[in-house]
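> Residue numbers (the working numbering), protein chains in the order written: chain U, 1 to 548; chain E, 1 to 133; chain Z, 1 to 321.
Bear in mind the hints are in silico, worked out from the structure with no lab data behind them. Possibly wrong hints are sitting among the right ones.
Here are the simulated DSBU-like pairs of lysine-lysine, each with C-alpha atoms no more than 35 Å apart in a straight line [what the hints assert, rightly or not]:
no. : chain 1 : residue 1 : chain 2 : residue 2
1   : Z       : LYS77     : E       : LYS87
2   : E       : LYS110    : U       : LYS543
3   : U       : LYS543    : U       : LYS483
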Amino acid sequence: MGNDGKAKKAWKDEFLKSCSKYESANASGRKIEALYDPSDVASLDYERDLGYPGEYPFTRGVYSSMHRGRVWTMRQFSGYGSASDSNKRYHFLLDRGQTGLSVAFDMPTIMGYDSDHERSEGEVGMCGVAIDSLEDMETLFDGIPLDKVSTSMTINAPAAMLLAFYICVGEKQGVSSDRLRGTIQNDILKEYIAQKSWIFPPEPSMRIITDILTFSSDHVPRWNTISISGYHIREAGSTAAQELAFTLADGFAYVEAGIAAGLDVDTFAPRLSFFFNSHLDFFEEIAKYRAARRIWARHMKEKYGARKKESLLVRFHTQTAGCTLTAQQPENNIMRTAYQALAAAIGGTQSLHTNSMDETLALPSEKAVQIALRTQQVLAHETGVTNTIDPLAGSYYVENLTNQLEADAEEYFRKIEDLGGVTKAIDMGFFQKEISDAAYGYQKAIEQKTRIVVGVNEYVIDDEQIDIDLLRIDPEVEKEQCKVLTRLRSRRDNAAAQAALDELGKAARGTDNLMPRIVECSRRYCTLGEMIGVLKAVFGVYKEPIVY
Amino acid sequence: MERKIRVLVAKPGLDGHDRGAKVVASALRDAGMEVVYTGLHQTPEMIVEAAIQEDVDVVGLSILSGAHMVLFPKIMKLLKEQGAGDKLVVGGGIIPEDDIQELNKAGVTKVFTPGTTTTEIVEYIKTEMASRA
Amino acid sequence: MAIPREELLKRFAGGQRAALSKIITLVENHATSFPDVLDELYPRTGKAYRIGVTGPPGAGKSTLVSSLVQTIRTKEKTVGVIAVDPSSPFTGGALLGDRIRMQDIGTDPGVFVRSMATRGSLGGLAEAAGDVADVMDAFGKDVVITETVGVGQCELDIAEACYTTVVVIVPESGDAVQAMKAGLMEIADILVINKSDREGAEQIARQTRAMFELRDERNGWDPPVILTVAFKGDGIPELYEHIEKHRQFLAESGLLERHRQSNVEATIKAIVEGDLHSKTWNEATLGRLESLVGDVMVGKVTPRQASGVILKMIEGRQEGG
Numbered sequence: 001m002g003n004d005g006k007a008k009k010a011w012k013d014e015f016l017k018s019c020s021k022y023e024s025a026n027a028s029g030r031k032i033e034a035l036y037d038p039s040d041v042a043s044l045d046y047e048r049d050l051g052y053p054g055e056y057p058f059t060r061g062v063y064s065s066m067h068r069g070r071v072w073t074m075r076q077f078s079g080y081g082s083a084s085d086s087n088k089r090y091h092f093l094l095d096r097g098q099t100g101l102s103v104a105f106d107m108p109t110i111m112g113y114d115s116d117h118e119r120s121e122g123e124v125g126m127c128g129v130a131i132d133s134l135e136d137m138e139t140l141f142d143g144i145p146l147d148k149v150s151t152s153m154t155i156n157a158p159a160a161m162l163l164a165f166y167i168c169v170g171e172k173q174g175v176s177s178d179r180l181r182g183t184i185q186n187d188i189l190k191e192y193i194a195q196k197s198w199i200f201p202p203e204p205s206m207r208i209i210t211d212i213l214t215f216s217s218d219h220v221p222r223w224n225t226i227s228i229s230g231y232h233i234r235e236a237g238s239t240a241a242q243e244l245a246f247t248l249a250d251g252f253a254y255v256e257a258g259i260a261a262g263l264d265v266d267t268f269a270p271r272l273s274f275f276f277n278s279h280l281d282f283f284e285e286i287a288k289y290r291a292a293r294r295i296w297a298r299h300m301k302e303k304y305g306a307r308k309k310e311s312l313l314v315r316f317h318t319q320t321a322g323c324t325l326t327a328q329q330p331e332n333n334i335m336r337t338a339y340q341a342l343a344a345a346i347g348g349t350q351s352l353h354t355n356s357m358d359e360t361l362a363l364p365s366e367k368a369v370q371i372a373l374r375t376q377q378v379l380a381h382e383t384g385v386t387n388t389i390d391p392l393a394g395s396y397y398v399e400n401l402t403n404q405l406e407a408d409a410e411e412y413f414r415k416i417e418d419l420g421g422v423t424k425a426i427d428m429g430f431f432q433k434e435i436s437d438a439a440y441g442y443q444k445a446i447e448q449k450t451r452i453v454v455g456v457n458e459y460v461i462d463d464e465q466i467d468i469d470l471l472r473i474d475p476e477v478e479k480e481q482c483k484v485l486t487r488l489r490s491r492r493d494n495a496a497a498q499a500a501l502d503e504l505g506k507a508a509r510g511t512d513n514l515m516p517r518i519v520e521c522s523r524r525y526c527t528l529g530e531m532i533g534v535l536k537a538v539f540g541v542y543k544e545p546i547v548y
Numbered sequence: 001m002e003r004k005i006r007v008l009v010a011k012p013g014l015d016g017h018d019r020g021a022k023v024v025a026s027a028l029r030d031a032g033m034e035v036v037y038t039g040l041h042q043t044p045e046m047i048v049e050a051a052i053q054e055d056v057d058v059v060g061l062s063i064l065s066g067a068h069m070v071l072f073p074k075i076m077k078l079l080k081e082q083g084a085g086d087k088l089v090v091g092g093g094i095i096p097e098d099d100i101q102e103l104n105k106a107g108v109t110k111v112f113t114p115g116t117t118t119t120e121i122v123e124y125i126k127t128e129m130a131s132r133a
Numbered sequence: 001m002a003i004p005r006e007e008l009l010k011r012f013a014g015g016q017r018a019a020l021s022k023i024i025t026l027v028e029n030h031a032t033s034f035p036d037v038l039d040e041l042y043p044r045t046g047k048a049y050r051i052g053v054t055g056p057p058g059a060g061k062s063t064l065v066s067s068l069v070q071t072i073r074t075k076e077k078t079v080g081v082i083a084v085d086p087s088s089p090f091t092g093g094a095l096l097g098d099r100i101r102m103q104d105i106g107t108d109p110g111v112f113v114r115s116m117a118t119r120g121s122l123g124g125l126a127e128a129a130g131d132v133a134d135v136m137d138a139f140g141k142d143v144v145i146t147e148t149v150g151v152g153q154c155e156l157d158i159a160e161a162c163y164t165t166v167v168v169i170v171p172e173s174g175d176a177v178q179a180m181k182a183g184l185m186e187i188a189d190i191l192v193i194n195k196s197d198r199e200g201a202e203q204i205a206r207q208t209r210a211m212f213e214l215r216d217e218r219n220g221w222d223p224p225v226i227l228t229v230a231f232k233g234d235g236i237p238e239l240y241e242h243i244e245k246h247r248q249f250l251a252e253s254g255l256l257e258r259h260r261q262s263n264v265e266a267t268i269k270a271i272v273e274g275d276l277h278s279k280t281w282n283e284a285t286l287g288r289l290e291s292l293v294g295d296v297m298v299g300k301v302t303p304r305q306a307s308g309v310i311l312k313m314i315e316g317r318q319e320g321g
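Same shape as in the complex, but just chain U (with noise of 0.2 Å):
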């Protein structure tokens, strides 16, 4: 590089004349120069290392036409109150040209109590809606046909018990399981790390994850089987690089725990999706959307042997960062939100949530989510961005730090193999250590203003009156949801759900496929607490180590 070097230092000397700060630090706390130049992509490699948009390694995208063929799905992530609230909320959505329904529980459903639980109380219907038996779940999708929407739904731990519902909706839609499409989030291991909403032990909660692995390829073909996450590491205040790399090493452990039991990779790999956050780095989100994908089709194929273009995909939903909104100035979230939407149209997302802007302060309202939606809907139509496939290729700045994000993720890897695999360095604290170290750091940086927060440490308007009207959860929901129990209970075939449930716990402490036994306690109207309940009693539930 011998001229270019010297042309180099000639500007950089120039620069630094004018201005000290050649390096800086950004939101991951990754150093970024001033200036790249061809020299910091050197050993790039087109064929290798880009490929064409659906060709290995697809950093520059899964899908031959990408966004030219069609715009990422829009799909706004909501839930709250009743079935029937949210049911109506789902019904605006979809008038309102949302194409694809992703559901919100509340904290009971997440953790598998039902909601006349003692543990339940004050949280039915908070932060998303309360799901406790198949009865409701007829609710929240009345009027919506099944093999007319692709459904997400953010469910872990009960994953299981809520895709069983979903399969017994079909059923007396007359849709058979094969045709319904949609996701469960049925990430456990991020949420030992980083969401903390985990029921058993990662043990039992990998053989139930194998088992709908199982199942579904059989029985549930066209349906996202995990989807592995990022975001909530992020949320949890990871960097970046540990985003990328702990979703992957998360990915990497579901592959082996699936091969592990005896399935063939291109089985089940094609069915596993991601879910990424975007933050507020963007040139840095984009070079991890690009990387994730390169990772993942290098290992995936020259790992685990994978054979199928299909296992070799990164397919990916993406949230813009809930934890970059701000309670105060609220207004100022839509436009966080919509530099987060961009990287992530950039970095070729196949679907999309834009957070709504009040939701520092509840959940969101009917306006703060359409808002949200036209966030999306204007970037889609109106700027052009869906013109070009992967337009920052050849940036050498976006390639340089898709190779550092690369290389990062590497190292990570590394680090895990070496405490002897992502559950026990869950065991150890590791990724917990990792991520609370950073978010500590990341609040150390902005009370420190090495870091600017509009509205938070600059451009603070003192006494802020704050405008908005918020959502506010009837608490009736709960007393309304716990009569709805009363009568379930009184009016099924008791003895049917109750020989349905001892089923599943002989299954459990055996080794038969639980999802067969799970749809069938759902279609005796068993609850979840009481599905949950069985299982607990033979799994043991997990306890949280001491981390900090």
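Please arrange chains E and Z on chain U, whose structure you already have, making use of the hints.
Here is chains E and Z on its own, set in the frame of chain U:
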């Protein structure tokens, strides 16, 4: 010996969002306080029992599930019943302004919403403790 | 806000947990408002059996303690737990997280858990922890368990001041070696290999057993090596059995009495040394120290001569007083 400020940082409710609780706990530690962290998914009974056994000066509650209007007042009630109503109780999380006023009335003296700096929290606790000494 | 001392003692005697807690705070802070609180309580001590649990970070000590407490509770005995964690030497703050793993015993009225920071006290930590154990003893706890991280001498002292010292390690290679280096093996009355469902547990057990056989018998007690999986409760009843056996052994051999004697001796010494320390450094002596440091730096006097000056000051004060 200098009197140490002892703080219980607790997560009532079912949500697992402990980023805020842990960041605050670390910041309080770095400000020289002794912080007892309870971990996730605590019932009001567990929190109150811990506050009593640890004889903390301050109870910090972090919640993002929306159940604050049920759980916070319940904790306040139990603290009073157990003769520990004198502790400074503060909260944090996604809590709307109207609710904050209600919680203030119930005895949760201060509620910190997203975007609050840890410096503010540290200062608040130090000032309150100084005025009580 | 402060409760009058008679009222506080009355509530303590009446079994009120809040009073126990307040008194622990007073003792921990060496509160000048109630300096003789321990004298008031001392006649009521001596009944609780004291168990020390120590081991390297990550060995699962808190989980083990929680599980052990549950076993002890089935024998109708009440338990006090003192969980000691280090204070930051820079800020003096501390993050005490042992309760996270003790949720199963958190609301049992027969159990009282207190987290304690080391507060960088000058070797007085073992005494401070012993004082807190005395308070729990006086309150009527049948068993007091003190848990410390086995990293420093202070922490080892705490564990050793207990009648039965349980050392916890995990099968990971190197853990046993580390424990040996840290002097943990020497103080173990019982060695626990926790997380023993992991690879290598049996092997470590064999190695440590062989090691115990090689060393001089400690007054006729051969430390057993026990395999546990604390979070499942596996091996915990056996652990408790061995604690009981050790207790019997100590009682029958007269060692328990000797143990108490040496604890009393250590306590008296610590109080005397603590008092001397606080009496030594006051405004006058600290002021003199500063000027003497200057003198040493410019070569006027040696450090030894300087200390002589201060010692004279103190002696003079004592004679005068």
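> Determine for every hint whether it applies to the structure shown.
Hints, verified against the model:
no., hint, verdict
1, Z:LYS77 x E:LYS87, "31 Å, holds"
2, E:LYS110 x U:LYS543, "31 Å, holds"
3, U:LYS543 x U:LYS483, "32 Å, holds"
Hint violations for this structure: none, all hints satisfied.
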